[in-house]
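Chains as they are written, first to last, in the working numbering: chain L, 84 to 416; chain P, 66 to 546.
Keep in mind that a hint or two might mislead.
[To be verified] As a list, the in silico DSS-like pairs of lysine-lysine whose alpha-carbon atoms are at most 25 Å apart:
1. L:Lys401 with P:Lys137
2. P:Lys527 with P:Lys493
3. P:Lys100 with P:Lys129
4. L:Lys147 with L:Lys361
5. P:Lys149 with P:Lys201
6. P:Lys395 with L:Lys361
7. L:Lys361 with L:Lys151
8. L:Lys151 with L:Lys210
9. P:Lys141 with P:Lys100
10. L:Lys151 with P:Lys395
11. P:Lys103 with L:Lys147
12. P:Lys516 with P:Lys527
Don't read these hints as lab results, they were simulated from the structure.
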Amino acid sequence: MTTTSTAPNEGTGPATGGWDALPDSFGDIVRSDASLSRFLHGLPGVDQVGAEARAASLGTRSIKTTAKEYAIDLAIRMVDLTTLEGQDTPGKVRALASKAMRPDPADPTCPAAAAVCVYPDMVATAKETLGSSGVHVAAVATAFPSGRAALDIKLADTHDAVEAGADEIDMVIDRGAFLAGRYKQVYDEIVAVREACGDAHLKVIFETGELQTYDNVRRASWLAMMAGGHFIKTSTGKVQPAATLPVTLVMLEAVRDFREATGQMVGVKPAGGIRTSKDAIKYLVMVNEIAGPDWLDPDWFRFGASTLLNDLLMQRTKMRTGRYSGPDYFTLD
Amino acid sequence: MTFDYAPAPESRSIVDIKPSYGLFIDGDFVDGHGKSFKTISPATEEVLAEVAEADEADVDAAVKAARRAYTKVWSKLPGRERAKYLYRIARIIQERGRELAVLESLDNGKPIKESRDVDIPIVAAHFFYYAGWADKLEYALPERGHSGENSRPIGVAGQVIPWNFPLLMLAWKIAPALACGNTVVLKPAETTPLTALLFAEICQQADLPPGVVNIITGAGDTGRHLVSHPDIDKVAFTGSTEVGRAIAKAVAGTDKRVTLELGGKAANVVFDDAALDQAVEGIVNGIFFNQGHVCCAGSRLLVQESVAEEVLAKLKRRMSTLRVGDPLDKNTDIGAINSAEQLARIRELSDIGEAEGAGRWSPECELPQNGFWFPPTVFTGVSQAHRIAREEIFGPVLSVLTFRTPAEAVEKANNTPYGLSAGVWTEKGSRILWMANQLRAGVVWANTFNKFDPASPFGGYKESGYGREGGRHGLEAYLEH
């Protein structure tokens, strides 16, 4: 199956992709906690040692010269440039938005990042700066990062962000409910937030550091995909460990299997802890070899990161000029 | 634009291959009396070096040197002194690891990823491990009542090793022999002599007393002279069951001690409750690791019928991502077949599989023009009656069979003249233990495959040979009863 997609840098509206209606076949599965539990616990298990060994072995791929240039530019286009701090100000967000549009002011051939990711109250500011640049605004909603609030508050949070112009909503699941086996509640929440998103795309954050086992990551992936998430995302960045290669591997297997079962493609976003170009390239190798080349696109794979971008830029400059330049030659925003 | 990995070749400038090599006897490289032969790179058919072929007189000289070293020096050294040499060798192997890895990949055809990350690290680990035993032998085999005075070495060991893991098999043979106080004459395979000869240089570098390790190169005749030499006390062989039989006959009626590590046709058993993605990795690693040139390769996949289709689909998708090509490229997963002869055998058996009606499948992959290459191949619809399910192919060829119940899986897995290894994939712990008790195989891996550790004994049942290498058990073969 092939999917046509438009890179966010080129288009103006939200990325196409994702899907609009639930396949009927999930009707029976998502009816109750019991039916969901039967389905999710019936998925093949994940062997921890084997999954970690596979991720480590993909990490030994040697990406050089033209392949490295391609990977670095692609990684820049996949960055959701993120600031999620209590100390965020409109000035900080404007600076970040400028950086996302022109990551390397010295080099106009440098592609833009995919999106900036902010709290809902900063969406309007970000949107104002980004205008019609094609760089998206993503907002973390639903009582991020803990998700400990009533559903109507989470939905109001989502509505706020969408109304302020967010193209993408990054929601958190209720990890407590998930770990207690109340899968139906988690499912219903995702469905409700998805509805509140309107045209905005929904990324579902699992906080894999709290789910802890790979079996849980696989189950959460299927739950979120069945509930209509456009993206599944590892972490908030507020809990350690955040994104890891093996966790992302399990999620990439899930989106691959989901497409095989339903024809629908779902994106993957590892977030938190990815700081170097070397790391980013390892992730791209994994996307390429686990999910397949169709996912090598900002519509289907993102990095939730902040410091990563400058390292990508330094490597990019090194590839083009043959020289390493110091950190002072790249903007800190 | 697609993500095409650019070539990432490991530089071969680190190795210094001489145009010709002599025999390593009594601490020095000497010219042989016999002819010489060429060793080539199986990936390009480029001649790498000329190597001496040891004749009967050369073998005799090597055994005499080993005997002298045994009597005068090595058997008299306290264990802790022997250990110092072994530790030194292990450290030099680590220091020269990249050189050894590149040379191994050049001469054998295996991917650099594998020689760098698997072979050479385990080689070093083996020397470190047995170095640790050298001064503790009296505690090694308490069940045999060993005490300080009766943990005696056997004498001179004649060792013949195969071409699939040249340096690793050398380590499996030499490390325990030396730790126990024996001296050795070792013959590497005729297609892969170079790392053994580099190991000889490492022995010099480590100041190992002359004659403790002797390396003689050559083919079948050289091996025959070695194992039938009257002054050899112990024969250790890894290789084909056919040659193993001939060796067993040759030493019958003598008081030589023998260990044989021979062929295999291992079953890799996947139950329907297995972690399927990791099981697929294990299947791939089981049969395509080292081009399938592995005696314990999981060459028969036994998959439960209820998941057979799903597993096969996943397996084929995974096989499509395997990268076949230049062994020195760091991204190569499958390298070259070791020799024209072996390639012919793989082709012959694969053609027989097709003629007998099994479904043959390989992913699309471009094979280099020169050298010896065979694509990763899977046969479906195979039954126990097919030759490809009975005979060891020793190449990247997997036969897929199905089963319905655990009892049927055991029956089929054991229904082979071999018994070297087996794999079990299930998330059910009790079933793993039950299967391990039922399977007649020297090694049973659970939810993994082709894992080697110097502390773990390795060896076969039935036609896969006798004796154990590795671990505490590996010392037994080199100590007097």
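Results of checking the hints against the structure:
{"no.": "1", "hint": "L:Lys401 with P:Lys137", "result": "62 Å, violated"}
{"no.": "2", "hint": "P:Lys527 with P:Lys493", "result": "29 Å, violated"}
{"no.": "3", "hint": "P:Lys100 with P:Lys129", "result": "21 Å, holds"}
{"no.": "4", "hint": "L:Lys147 with L:Lys361", "result": "11 Å, holds"}
{"no.": "5", "hint": "P:Lys149 with P:Lys201", "result": "13 Å, holds"}
{"no.": "6", "hint": "P:Lys395 with L:Lys361", "result": "16 Å, holds"}
{"no.": "7", "hint": "L:Lys361 with L:Lys151", "result": "10 Å, holds"}
{"no.": "8", "hint": "L:Lys151 with L:Lys210", "result": "32 Å, violated"}
{"no.": "9", "hint": "P:Lys141 with P:Lys100", "result": "37 Å, violated"}
{"no.": "10", "hint": "L:Lys151 with P:Lys395", "result": "15 Å, holds"}
{"no.": "11", "hint": "P:Lys103 with L:Lys147", "result": "35 Å, violated"}
{"no.": "12", "hint": "P:Lys516 with P:Lys527", "result": "22 Å, holds"}
Hint compliance for this structure: hints 1, 2, 8, 9 and 11 are not met, and every other hint is.
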